[in-house]
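Colleague: In this text, residue positions in the sequence shown follow the numbering used here: the first is 1, and each later residue adds one.
Among the hints, a few may not be true.
[Said to hold, decoys possible] Derived pair list, reagent style DSSO-like, types lysine-lysine, alpha-carbon separation capped at 30 Å:
(1) 100 x 58
(2) 87 x 123
(3) 56 x 99
(4) 99 x 123
(5) 58 x 123
(6) 87 x 99
Hints were generated in silico from the structure; no laboratory data involved.
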Amino acid sequence: MKQRMFVALLIAVACSGASYAGAEDHMDHMGGADGTEKMALKAADYTKEAEESGVKVKVSLDNPGEAAPPVFTITLDTHTVDLGQFKIEGITTLRDDAKKSYAASLVSETGSSHHRTITLEFKDADLTLLPYVEIILTGLAGVDERVFRFDAPSF
């Protein structure tokens, strides 16, 4: 009798272990036990996009959750405007909820006069404890101000 109970107990433990392993597999599929896939799904929260006056602008926060100064990549695409005439780091600022503005520093730039990718760092900005920040592009292709807002959960 004791032997049968012991075997039943082993079977119960083995089944619960298999059920647990199955739950881990489900977790990996749904979001990763370590959170990596979940973070990849949230990457859309770090990118804002708009098109105006023939220029498509995409702004992405490159280092969310880091204590380092914020880094953003700006991608510009057009077939009607010569983007080479714009010094993007000079017309881009980061503005916080208190309307304080931070100047951009150029990290890298690639592309042509119609397709450009610019990475900017805002060395003096600290995103911790801010409810939101905005990336502002001023005077790009006849548009006075293009505003891309990033709310706190995304950084």
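Colleague: Against this structure, judge whether each hint is valid.
Modeller: Evaluated hints:
Using a Cα cut-off of 30 Å, the hinted pair residue 100 and residue 58 holds, with the two alpha carbons roughly 23 Å apart. For the suggested pair residue 87 and residue 123, the alpha carbons sit about 18 Å apart, so the restraint of at most 30 Å is met. Among the hinted pairs, residue 56 with residue 99 is consistent with the structure: their alpha-carbon atoms are about 25 Å apart, no more than 30 Å. Restraint check for residue 99 and residue 123: the C-alpha separation of about 17 Å stays at or below 30 Å, so the hint holds.
Of the supplied pair hints, the one linking residue 58 and residue 123 holds, its CA atoms being roughly 21 Å apart against a limit of 30 Å. Between residue 87 and residue 99 the CA atoms are separated by roughly 23 Å; this keeps the pair inside 30 Å, and the hint holds.
Hint check: no violations occur; every hint is consistent with the structure.
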